[in-house]
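K.L.:
Generate the whole structure from the sequences, applying the supplied hints.
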Amino acid sequence: MHLIFFLIFAAFCLAGAVNLLVQTHPINSALSLIVVMISLAVLYLLLGAEFLAAAQIIVYAGAVMVLFTFVVMLLNAGSEERTHGSHAAYSIGLPAVVAIFAIIATVLLRAQGLGTVGPANAITTTEELSTVLFTELLLPFEVTSVLILIAILGAVALASKGRGEANAPKERSQR
Amino acid sequence: MNGFLAQQVPLSWFLLLSAALFALGIVGFLFKRNLITIFLSIELMLNAVNLSFVTFASQWHAVKGQIFVFFVMMVAAAESAVGLAIIIAIFRVRATLAVDQIDRMKR
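Residue numbers (our numbering), protein chains in the order written: chain A, 136 to 310; chain B, 9 to 115.
Keep in mind that the hints were calculated from the coordinates and are not lab data. Computed from a predicted model, the values in this text were never measured in an experiment. All the pointers check out, no bait thrown in.
Covered stretches of chain B, as calculated for chain A (at least 3 residues, CB under 8 Å):
| # | region |
| --- | --- |
| 1 | 15-29 |
| 2 | 33-39 |
| 3 | 68-81 |
| 4 | 92-105 |
Beta carbons: idealized from backbone N, C-alpha and C, even for Gly.
P.N.:
So this is what it looks like as structure tokens:
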């Protein structure tokens, strides 16, 4: 059961990631990233992380990707233009990516002692997770809320219309 | 059939999938020419790293690995909010999302 689900959703993951690279319009890339994220949520469930599977769908596939599609539709920028890009990216970047993947893959395939996962494995319940989160790791959790508050303020300050824009006085005179 | 249903999945397969997703994210980051798609590639890389965190948490039966993924999700949400605000600000000034044309700091 676990094997079938893993094969199906790993294939979905890889297909979505490749589709993200192949598509030229950003909205298609964003939608294929949603496919990747939902398949990853299923893989989290297979690994016994039930809370993270729910959070993955709610936070990533829900909130973050809605923000992305909203911005893509707001800006209405159209398809990507195919340009040459930089030579350094092709000459150094591509071999480097292949080398990194090859190194990681060989290390993983040689690694001893990695376990397996199956139906008999225990599921980490939300209760266990929250017990650790709200006792041992309470301070990092509270600091994260401060981080999110700062991010909200920064996003509002960046996205609101600043003074140094060319079109700002024009709108003011229209009012 | 019952034996097939109870078949185990090696954890190294999850890690290989995570490495493949990370490599695809790097390729997107290097070769896509649209600002939003580059940002989507960064999100893909974050997701790939999250998958390996969850895999190792399952390997060691550790709850803290999963909590770290929770923190990564929170930081990624904050990061995407700020990043998209920056993209909107850039688009308002330059009226384009092509990274080849956003090169004022080179000149």
